[in-house]
Amino acid sequence: MNTAPLLAVDGLGKAFDGLIANRDISFVVHHGEIIGLIGPNGAGKTTLFNCLAGFHTPTTGRIAFEGHDITGSTPEAAAALGIARTFQIVRVFQSMTALENVMVGAMLRNKRVAEARDRAEEELAFVGLSHRAGTPASDLTVSEQKRLEVARALATEPKLILLDEVMAGLNPTEVREASALVHRIHQRGIASIIVEHVMEGIMPIAHRMLVLDYGAKIADGTPAEIAENPAVIAAYLGE
Amino acid sequence: MTTGTTSSRKAPISRKAMGTAALLALAAVLPLAITEPSQQNFLILILMGAQMGVAWNIVGGYAGQVSLGHAVFYGIGAYTSTMLLTTLGLTPWIGALAGGLLAAIFAIAMGWPCFRLKGHYFAMATIAVAEIVQILVTNSDALEGAVGLYLPMDRNGWGWLIFLSKLPYYYVILGLLVLTVLVSWLIERSHIGYYFRAIKDEPEAARALGVSLTRYKLIALSVSAFLTALGGSFYAQKEMFIDPGSVFAGTISIKIALIAILGGVGRLTGPVLGAVILITIEEYSRTLFGSTGSGTDMIIYAAMIILVAVFSPSGVLGLLGDLHRHLGRHLPGTKPAEVKTEKMEIRP
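Those sequence lines, one after another, are chains A and B.
Just so it is clear: in the first sequence, position 70 is 70 by my numbering, and no numbers are missing.
Going from the second sequence to my numbering is simple: count from 1 and add 1000.
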């Protein structure tokens, strides 16, 4: 087996015309780990996601995936290597059915339509949307669309999945279901990094939490350690 | 059509196949019933329009990259096969293929920079490219400039694709339309068709799933260009005369796009329906106004664009779908139509 960690981020920084969104962020993610990524609004969580998934080229620093340097790679290359993502504001393919949405994901590994369809049916079942397979994606509820994005990302057979606020706007029952879903993704051996504001959703399941504030990492530890960390409390509650 | 992929995989396909076969049989015998040459010519014009529209739909409809410069491919097809025929004596069977390949290569060369532009800016770039090429051809001595090219009258028959009657032309263009529809249908059913629609709906999400936007947009444009060029070669064979104004003009680009948009983009049958409507209106206005009404085609195109934009952005097919659904809601026992409209409805 490869001894390198699944993901190693070293000194990553990203600036937009002088606005520094990420500064000197370093961390590692191991195979199958569940990482919670939290921080106040504007802390740079989505920017970090965009750098990891190839949507932004970092200004400084390195990103290595299974030991290979992937800094500044394209989103399609990142997907091919095994990094999948969902979007904070859902981006389902509106003119397609739920099943067809997931088929597009499955086609990354298998271009044969019939086989992609079988694979997509499995992933729809995995997120509990089998009964909506033939429904146009535009007719799904927001909560269903978020799960559809997860199924679509899983269909690409990733090693790492980046989940951007999949629990936002969900009711308590749905949050519990979403937590259970993340846990089942972990059981498949897929690592996940989860941006989340819903603490009761993320704290019980995360192995480790990363906390960002003003673009920099201010804490990295177990959920219990994070909850006690003075810097984290200060960032969230103010001085 | 793109619907019915999941719930009903077997039965409707055979029904659709039967419908297609019936339509083909009808198209095959139609000119035997309509023998008047001017009316046969009218049927040929409809098939030519449909073929253009179906070809345009591959890039403009499925992949959502609206080109308003398709005349450049049409012209490349017409000029390549004609030049090869007049200078080298090459049969247009091969000349048309050469034109198609040249158009596809040109599409890749122009798509590479133009696809960096999005939406309206891409459309504007295609207009610019087509206009530039028209000006270059008009000023090219090697291509006889504004004078144009005549096809040799002395060679005719199936080997030269030049005929003294309308009927053979009808079957050639019918065959070309069938080929174009077949290519479209194969694309629609393959992963490429899914990728095109994904790129049209949410390009960023498509990239996150490993879809290379550049690669698939170039595939869409070059396949569309190839088929459009074959249509251009057919035009040359049928008219036996081409000049920049007749095959490279901006009005042709508008007409090609309009046929697809009018019928309903992103669906196989849309452009065919669009061609029937547009060509019919065009020809009736021609007999009505005669040669004094030059420019009426532009007025008609403008009117059509306004009507489609205001009343049915999803084209006539979308309109029919809405109507069917509307009726279905009021008539108990009838199933609402499964026609999917391109226009988005507001989410709950």
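The hints are simulated quantities; they were obtained by calculation from the structure and are not laboratory data.
For each residue, glycine too, the CB sits at the ideal point set by N, CA and C.
Certain hints may be false.
Said to hold, decoys possible - Sample of chain B residues at the chain A side, in silico, Cβ under 7 Å:
1) E1131
2) Y1194
3) P1203
4) L1209
5) G1210
6) D1322
7) R1325
Here is how each hint holds up against the structure:
{"no.": "1", "hint": "E1131", "result": "violated, 32 Å"}
{"no.": "2", "hint": "Y1194", "result": "holds, 5 Å"}
{"no.": "3", "hint": "P1203", "result": "violated, 9 Å"}
{"no.": "4", "hint": "L1209", "result": "holds, 5 Å"}
{"no.": "5", "hint": "G1210", "result": "holds, 4 Å"}
{"no.": "6", "hint": "D1322", "result": "violated, 15 Å"}
{"no.": "7", "hint": "R1325", "result": "violated, 13 Å"}
The structure fails hints 1, 3, 6 and 7 (numbered hints given earlier, in ascending order).
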